[in-house]
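**Q** Read off the chains here:
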Amino acid sequence: DGGITQSPKYLFRKEGQNVTLSCEQNLNHDAMYWYRQDPGQGLRLIYYSQIVNDFQKGDIAEGYSVSREKKESFPLTVTSAQKNPTAFYLCASSIARGTDTQYFGPGTRLTVL
Amino acid sequence: KQEVTQIPAALSVPEGENLVLNCSFTDSAIYNLQWFRQDPGKGLTSLLLIQSSQREQTSGRLNASLDKSSGRSTLYIAASQPGDSATYLCAAPSGGSYIPTFGRGTSLIVHP
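Residue numbers (the working numbering), protein chains in the order written: chain A, 1 to 113; chain B, 114 to 225.
Looking at chain B on its own, in the form it has when it is part of the complex:
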């Protein structure tokens, strides 16, 4: 059964910093890996989807990488802004399944 771990659990940074959120997974036979953003009391918004054949995906100031062999993914946020404050969740399915298992998330605060 897939286990997804996210480190750190919480992060507070000043505006303008570049930062890295980490995600590790135990079963590397995955179809894809997704990164989501969740604002307090809201649903999840998909940020990036990396297919198993890809090494990274970029969207604006966000870049996500995937290393299946080591069971790791990172989400890089460039030039962080207060509007980036949210919880970021990583999700990966178990081998042979398409149903994602979610990590507990990293709670990010970017202060002005």
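In isolation and in its complexed conformation, chain A is listed as follows:
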């Protein structure tokens, strides 16, 4: 089955720790995205990547980092510099930039203890 997988589904972090959220896709999509969703809010863009070894900051990139070493993978690291990291994190992909549908993973819920 083609799709996007995110792991883990739930993640707990102590203050001061860095954590990495996994996102993998087997859709052969060039573009990948990370969004953050807070209760009652729309999705806010953290980072996006149009091609391997290239990525751009979104609207709320501070305290986050990403890498795109492989086409299939786009991991997100939530660093200790992120002041309020508790949220629902969604990864998405699309065939390429332009007029294509975005496909989303099931999400990771991060809670800071």
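Please note: incorrect hints may appear among the correct ones.
To be verified - Label pairs and their in silico Cβ distance ranges: (1) A:Gln41 with B:Glu128: 27 to 33 Å; (2) B:Gln167 with A:Lys70: 30 to 36 Å; (3) A:Thr86 with B:Ala191: 23 to 29 Å.
Hints are computed from structural coordinates only; laboratory data are not their basis.
We put the CB at the ideal spot given by N, CA and C, even for glycine.
With chain A's structure known, arrange chain B on it following the hints.
**A** Same frame as chain A, now just chain B:
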């Protein structure tokens, strides 16, 4: 910068009703507009994608329209069912960009 607004924020209807969800956007120079469905605690599922050159798209009981000149889109759900209960999100990119900006969604409950 694109701003996307969805009205109403929440809606509760009896089963069988036809209903309309509204989405407005401030920058009309868009490549496309997408409607998504999100179940609680889940990711988003794409429902319909309307290209800028199209006026509407249909999928089963769903019909989405796009009026770029007025900055509006509507999602029409015919003969609603309890299984339609979810949050519906609208997303449109800013002019010259392909990155969508999302509205806050309409939370729909269809009760038997």
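**Q** Please go over all the hints and tell whether each is borne out by the structure.
**A** Status of the hints after comparison with the structure:
1. A:Gln41 with B:Glu128: 27 to 33 Å: holds, 29 Å
2. B:Gln167 with A:Lys70: 30 to 36 Å: Taking Cβ atoms as reference, B:Gln167 and A:Lys70 lie about 35 Å apart, which means the hint holds.
3. A:Thr86 with B:Ala191: 23 to 29 Å: Distance hint for A:Thr86, B:Ala191 is violated at roughly 39 Å.
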